[in-house]
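Participant: Just so you know, the sequences run in chain order A and B.
Residue numbers in the first sequence follow the working numbering, run continuously in steps of one, and reach 360 at the last position.
Residue numbers in the second sequence follow the working numbering, run continuously in steps of one, and reach 360 at the last position.
Simulated from the structure, these hints should not be mistaken for lab results.
C-beta atoms are modelled at their ideal positions from N, C-alpha and C, and glycine is treated no differently.
Simulated coverage check for chain B against chain A, where a stretch passes if three residues somewhere in it have a Cβ under 8 Å from a Cβ of chain A: (1) 142-150; (2) 156-162; (3) 181-194; (4) 204-214; (5) 287-301; (6) 307-314; (7) 349-359.
Number of protein chains: 2
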Amino acid sequence: MTKKPLILVTNDDGITAPGIRTLIAVMKTIGEVVVVAPDSPQSGMGHAVTLDSTLHLEQVYIDDGDQKEYSCSGTPVDCVKIAKSEILDRKPDLCVSGINHGSNSSINVIYSGTMSAALEAGIEGIPSIGFSLLDYNWNANFEAAATFAKSIALNVLKNGLPEGVVLNVNFPKLEKEEIKGVRICRQAKANWKEEFDKRVSPQGKEYYWLTGKFVNLDKGEDTDEWALQNGYVSVVPVKFDLTAHHCVQKLNTWDF
Amino acid sequence: MTKKPLILVTNDDGITAPGIRTLIAVMKTIGEVVVVAPDSPQSGMGHAVTLDSTLHLEQVYIDDGDQKEYSCSGTPVDCVKIAKSEILDRKPDLCVSGINHGSNSSINVIYSGTMSAALEAGIEGIPSIGFSLLDYNWNANFEAAATFAKSIALNVLKNGLPEGVVLNVNFPKLEKEEIKGVRICRQAKANWKEEFDKRVSPQGKEYYWLTGKFVNLDKGEDTDEWALQNGYVSVVPVKFDLTAHHCVQKLNTWDF
Chain A
105 MTKKPLILVT NDDGITAPGI RTLIAVMKTI GEVVVVAPDS PQSGMGHAVT LDSTLHLEQV
165 YIDDGDQKEY SCSGTPVDCV KIAKSEILDR KPDLCVSGIN HGSNSSINVI YSGTMSAALE
225 AGIEGIPSIG FSLLDYNWNA NFEAAATFAK SIALNVLKNG LPEGVVLNVN FPKLEKEEIK
285 GVRICRQAKA NWKEEFDKRV SPQGKEYYWL TGKFVNLDKG EDTDEWALQN GYVSVVPVKF
345 DLTAHHCVQK LNTWDF
Chain B
105 MTKKPLILVT NDDGITAPGI RTLIAVMKTI GEVVVVAPDS PQSGMGHAVT LDSTLHLEQV
165 YIDDGDQKEY SCSGTPVDCV KIAKSEILDR KPDLCVSGIN HGSNSSINVI YSGTMSAALE
225 AGIEGIPSIG FSLLDYNWNA NFEAAATFAK SIALNVLKNG LPEGVVLNVN FPKLEKEEIK
285 GVRICRQAKA NWKEEFDKRV SPQGKEYYWL TGKFVNLDKG EDTDEWALQN GYVSVVPVKF
345 DLTAHHCVQK LNTWDF
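For reference, chain A alone in the conformation it holds in the complex (with noise of 0.2 Å):
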């Protein structure tokens, strides 16, 4: 008999949020689990880690089942740093982040705790995959995004990942009969126009409310935006070398 895959699972939600609880469920019928996630809600954090104060650990029993499983006070970068560090006895064969509740497609792929913590595991060599849906409700139907989600797993286990590559998945609010399939994109150029909210507090001092919408100002048809609006499940590479290559060129004839 082979060995089981180890698989690590995080996510940005917290370690209750059904999400995690689909994803760790599709994961135990691929492979050996291992969850460590946030203790509460780190959505918007980023690649921020935690350097100015200490970090907690701790084991929980959550659903039925022989996946271990260690809520951290960190962030999603926090989780995967700690597990490769303190919990893991191998480095896994795969990471898995989310499934987020709510989108990280385009532009969002910056902000966005799933992602930062995928893109963790990527730079510590690991084949690492962020999972997102385009459904902010707690109660989202998770059921087309675990099928999809177990496939893409499944071919990241069989075929590797392009060294300094991870995938940003997004899966579009649609029943599983009405998903068209999977599209290989590029993140779509748009961006959010914000709008704060200002407001008075009770003792007179003003506060704000970050707000915004989502401008997408890309019409290619080959971006996440356009397979999630055309429905299907977007599939994007990316990569943590942020350097613009095609600019270095152009930067070594200014004269500092």
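Given chain A's structure and the hints, the job is docking chain B onto it.
Facilitator: Frame of chain A; chain B shown alone:
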């Protein structure tokens, strides 16, 4: 008389840090300066944004001069967003972030609040630069950094930056006359080898401090690490389209 360029200054070490005070002084010699920076240190915050709590903004007066300064309770990315949305009456001609106390070369770009602020401004279409000095000391000598920061900022104002690109600038810990010049570089392939320092609280509960060693795995002489170790200022053009375009074709052969 030509109108002075409008320059937004921010950082992640907090508005009173010597690094940002230096950068403000330098930028005042070039343009009209508005400062929006965190009211407390935000190192390692990555591209975090504040979604689940409120933001406070306060006009402050720290140094002499006609620059307007605001301290913000949020992350570096929040500072850029609120500056653009609530404070500035027009799009700035330049955003500069730093000068960070400590390196943001190589993979550190991804954890860096300094660089995330610069990237956020870049996403908004503002020419943008993050500056960091390889010296964590609060009393670091910023003299050489100030000279090169001015030269690089003037180049960006004169030449512009390609769309979707911001600059990650790091200064070696050297006297001005020891610095050999400026090198345009790529991000070195490196990572952190974590070492968690496990302790027990007076109440008997275990907790951890995240520490680690930086490991450079890259022997290339075109990297930021090589430049810094050899007495140069490193300039890496950085992009926020994370798509690994070279993998799209390969992934299209997978069977989902």
